[in-house]
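Listed in order, the protein sequences are those of chains A and B. The first sequence runs contiguously to residue 238 in our numbering. The second sequence runs contiguously to residue 642 in our numbering.
These are calculated hints, taken from the structure and not from any lab test. Some hints here could point you the wrong way.
Claimed, not checked - No farther apart than 20 angstroms at their CA atoms in a straight line, the calculated lysine to any residue pairs in the SDA-like style are these:
{"id": "1", "chain 1": "A", "residue 1": "182", "chain 2": "A", "residue 2": "153"}
{"id": "2", "chain 1": "B", "residue 1": "629", "chain 2": "A", "residue 2": "82"}
{"id": "3", "chain 1": "A", "residue 1": "216", "chain 2": "A", "residue 2": "185"}
{"id": "4", "chain 1": "B", "residue 1": "629", "chain 2": "A", "residue 2": "62"}
The model shown is predicted, which means the values in this text are computed figures rather than measured ones.
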Amino acid sequence: MTDAPVPVVRLEGLRKVYRMGDQEAVALDDVDMTLEHGEFVAIMGPSGSGKSTLMHMIGLLDRPTAGRYLFEGQDVAALDADQLADLRSRRLGFVFQSYNLLSRTSALENVELPMVYAGIPERERRERALAALEVVGVGDMAQHVSNQMSGGQQQRVAIARALVNDPGLILADEPTGALDTKSSLDVMRVLERLNVEHGLTILLVTHEADIGRRAKRIVTFRDGKIVSDTPTAEAAIA
Amino acid sequence: MTLGTLLRIAWEALVRNRVRSLLTMLGVIIGVAAVVITISIGVGARESIAAQINGLGSNLVVVIPGNVTLNGVRTGTGAASTLTPGDGLAIAKLPHVASVSPAVGLRTQVIAGENNWFTQVAGVAPTFTYIREWALSSGAFFSQTNVSESAKVCVLGQTVVDNLFPKVSPLGKTVLIRNVPFTVIGVLSVRGQSAGGQDQDDTIVIPYTSAMERLTGNTFVSALMVSADDAPYITAVENEITGLLEQRHRIVGNQEDDFSVRSLQDIANAASATAAVMEYLLAGVAAVSLIVGGIGIMNIMLVSVTERTREIGLRIAVGARASAILEQFLIEAVVLSSVGGALGIVIGLIGSGAVAVLGQWPMVVPPLAIVLAFAFSVLIGVFFGYYPASKAARLNPIDALRFE
Chain A
1 MTDAPVPVVR
11 LEGLRKVYRM
21 GDQEAVALDD
31 VDMTLEHGEF
41 VAIMGPSGSG
51 KSTLMHMIGL
61 LDRPTAGRYL
71 FEGQDVAALD
81 ADQLADLRSR
91 RLGFVFQSYN
101 LLSRTSALEN
111 VELPMVYAGI
121 PERERRERAL
131 AALEVVGVGD
141 MAQHVSNQMS
151 GGQQQRVAIA
161 RALVNDPGLI
171 LADEPTGALD
181 TKSSLDVMRV
191 LERLNVEHGL
201 TILLVTHEAD
211 IGRRAKRIVT
221 FRDGKIVSDT
231 PTAEAAIA
Chain B
239 MTLGTLLRIA
249 WEALVRNRVR
259 SLLTMLGVII
269 GVAAVVITIS
279 IGVGARESIA
289 AQINGLGSNL
299 VVVIPGNVTL
309 NGVRTGTGAA
319 STLTPGDGLA
329 IAKLPHVASV
339 SPAVGLRTQV
349 IAGENNWFTQ
359 VAGVAPTFTY
369 IREWALSSGA
379 FFSQTNVSES
389 AKVCVLGQTV
399 VDNLFPKVSP
409 LGKTVLIRNV
419 PFTVIGVLSV
429 RGQSAGGQDQ
439 DDTIVIPYTS
449 AMERLTGNTF
459 VSALMVSADD
469 APYITAVENE
479 ITGLLEQRHR
489 IVGNQEDDFS
499 VRSLQDIANA
509 ASATAAVMEY
519 LLAGVAAVSL
529 IVGGIGIMNI
539 MLVSVTERTR
549 EIGLRIAVGA
559 RASAILEQFL
569 IEAVVLSSVG
579 GALGIVIGLI
589 GSGAVAVLGQ
599 WPMVVPPLAI
609 VLAFAFSVLI
619 GVFFGYYPAS
629 KAARLNPIDA
639 LRFE
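In isolation and in its complexed conformation, chain B is listed as follows (with noise of 0.2 angstroms):
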């Protein structure tokens, strides 16, 4: 018996009873589908995540003022008004810091010409573009020199032209921060939407100085972009500013720090570890719905072989082998089996792009995810086919012939 005649001989079988055929395959079918599903959502959510944290900048380490306690009262983290330019300054000397960039943050409400806005304003270096992987779409940066000088020097985010200039080009022209008049140099390329829900492009980026200078009027900074050089530095880099800040800032034994250094691998890795469990729960059902499925399976190649034992009892009595039975019904349940495997990918890639786009993330699934999932599927064929195939070939064909 060559391999196609028994493929189409186990066609004709299972097509004889499509219902039943189909029914048997579900589990099967919703098994691939879940795998494929899974590897997709996995895939897809690791690749969306990373673009978000790549989006925020490259390595990057945020270190914020920590709480400070006044008369017993405790403010929170980032309450204290403990760093300055100058410990901006000491961390950029660091090994392994690439740059650092203060950042002086308030809302407030701006103004230019007859349009007024309320957005954020962030006082920052020249390192912001390198540091959050920032370019800008038309003007320039401001540099070194204007921070120096605290010029009055300033770059829009897109929602803040979209709203102060909606017909004319920003650049050149003036707008008021606090009444103070600052001269636009450039404009931000458009970011989108922060892993936090945040419009990213609803600010306005001017010289620290002049933004501690001119509008707040203090020596302190709301945070310190660092930098680091490479990925595997990260928490190095990290412990090295705990270290330097604390030695600074003159924080001593068990004293409480002053400030708190936190990177965006955290935030990455709790973003993972939610996928995580997503792709555990959905293997779960995908490995329970694969052995009911193969249950199924040899459910009804149980019930097939019972409900033909004349024709086995037949086929034994024309020359048929022990063999050759057992080929049939095994290949019989292959089919069956890789039948459904090959919809449960069809429904499983459909899935995939559903999620894809409820999770707003590419729809990948690998190809070796696609290849795996379907020589799952004919393994559990062979493995819950097995057995009733073995029966099958095991019948005496005097008693099959009998059968009624």
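In isolation and in its complexed conformation, chain A is listed as follows (with noise of 0.2 angstroms):
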């Protein structure tokens, strides 16, 4: 045991339930997960389904009910606020739906966010970032304002931001949601580029059908329970 690699997230009977008045929503029930250093999976699953819960989960915005939750063989409920936050700015990237760019600040300054918080100088940051800006394709975009790029720019400066820290997981939540199909392609692309040349541990959660099946696994949910675990047609040829 000890000498197989800790997983990068590893869930043990993870619940999280909801209170809404007298009444209870279970949102995650029971869900034993383990997502290893490498790996691509999309969760799918319809709307309701809990797979937000588990992205939140797992991105250390929000403390299960009850279960386990391991990040890179650390039990998360051991650590406070602060712990949690620091943990966010180096381990983790969150790539979200509609990007969340801060608005009228340049490409450059929103990749720059994460490794502000996590105190990295600021001639650092600057390297970095405009690395992180060329990988995903933009580097000649670092001057730019958000609000002049197009969606599929802005979701791939948002990847930038996700990576730049070189965190052990990158969160996507939708990332294709607010784009079209052609830009929906070409942020996939960088995300599959990502995990491919780079190593990078990705968990995409999407409810397109076309978008999961990029991803090497795909975990799909209902009702807050895993319905089914498999691997993809791409990831089986590969």
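Build the complex: two chains, separate frames, hints provided.
Here it is as structure tokens:
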């Protein structure tokens, strides 16, 4: 056991219950799941199936009602709010459906943001942010203000922001949800390349089947439970 | 996060909403400007009053005749003919009295050659220049010998010189006062207006003996000017004079004094009180507008936190600690209030200058006042910015990221 590599994410009997007045809504019901280093997993399922809750839980934005969550081998229940914030800035990268770039702020400064909170000196921030923008193919737009860019370009900047701290896991929550087909394909190609060429572990939440198929493994949720967990055809061929 | 980065982020957020930021600052701007102007008026007015009081003479106490009642008709202060040069000599022997000068005043027409002029003639002692702290611009003042001899010598004020001797030096020339020829032996330095607005240079000064014997023909003086040897003794000197004169004038029991003793301190106090009322008024305006300004900042910061909910959610998601969010919004409020404070200081300085010109006093703004005003505006930002900032820091990131 000690020789085996530590999984990036390990969920054991994870439960999340929301209380609304006197009613209880079970968002996650006894979920067991392991995410190994270098995986590219798509979480699928209809809305209300619990996939967003799972995303927040894995992203350390919310705490489980019951069960254990080990992130890179560490039980996150033992961590306080500041330690969780530090883990988010150093080990996690988020990509959102609506990009969530700071308005009227240059692409470069947006990408620098996680490093600002991680306390990285300005010169290094600049270099790494430029390199990250280069990786996602918008290196020439560093000084563009977010509102002047297309949706696809904004999402690439958001991906650069997610990968710039060299995280252990990138969480992409419906990253193509607001994009047209062509831009969606571009964004997926960037994510695939990051996974294959840079070995980044990626967890993708989507409800679009053709987007999910581009991952190497699909986990399907329904009513807070995992109903299937299978490698994709592409992964099988590879 | 370094302070520099925080300040830059705050500054950029404020510049993005330029007009709103400026309007938010308005309360602080007005408040701080009012503080600066208040202090400047207070210091300036006090210095100006002090200068005017000192201009009248050092530690001056004036004794004037009281009122008399003749057949039931009361004449009012100054009408009694009771003060004599002898009273003055007696007062001079009192402790803490530096010097005494009788004063005999009359207003009359004076003639020099083909020019004539209506002016104030004052008969005084040589101690006049000391008591009134009034130097000569040329010539010499008359001596005790001139007084003993009731000499026909005079010293002119500059206004009289301008009107009687517009082109030549008056020294050695003759001035006819009520047809008595007086020789000009000196000219007083220019004094300007008195606190009451009178031209102090419109005067001719002669020995009081000459005035009494040659001009008025009576044995009484209009007033006695007394100089105490130090400011703290003024009240004591006033009381001593009252006691002495009651004794000399044989006033007993509840009989009314036939004289009146006043110090310039009383006048100065009245003037200072006026300035103080103005100061309190402006201080009130300053306090109210600083508080209103602070509430304005709190209001706008709350709006800003709501508007930027998603931004806050994102910052939390990418790893901002709650303390970093708190710092960011607190610093934004402080930048808002301190930029307002700086603008307020600039406007306050301009306002102080304008008020100083109107009030004809020197513009004095103590550096400490500026430092305090600025420090206060920073405190306003911290105090009123804390609640919105802590609200931002407590946001739930999941809700914040979903916020539309």
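Here is how each hint holds up against the structure:
Proximity of residue 182(A) to residue 153(A) is assessed by CA-CA distance (about 12 angstroms); at most 20 angstroms being required, the pair is judged to hold. Restraint check for residue 629(B) and residue 82(A): the C-alpha separation of about 17 angstroms stays at or below 20 angstroms, so the hint holds. Of the supplied pair hints, the one linking residue 216(A) and residue 185(A) holds, its CA atoms being roughly 16 angstroms apart against a limit of 20 angstroms. Restraint check for residue 629(B) and residue 62(A): satisfied, since their Cα atoms lie roughly 19 angstroms apart, inside the 20 angstroms limit.
Of the numbered hints given earlier, the model fails none.
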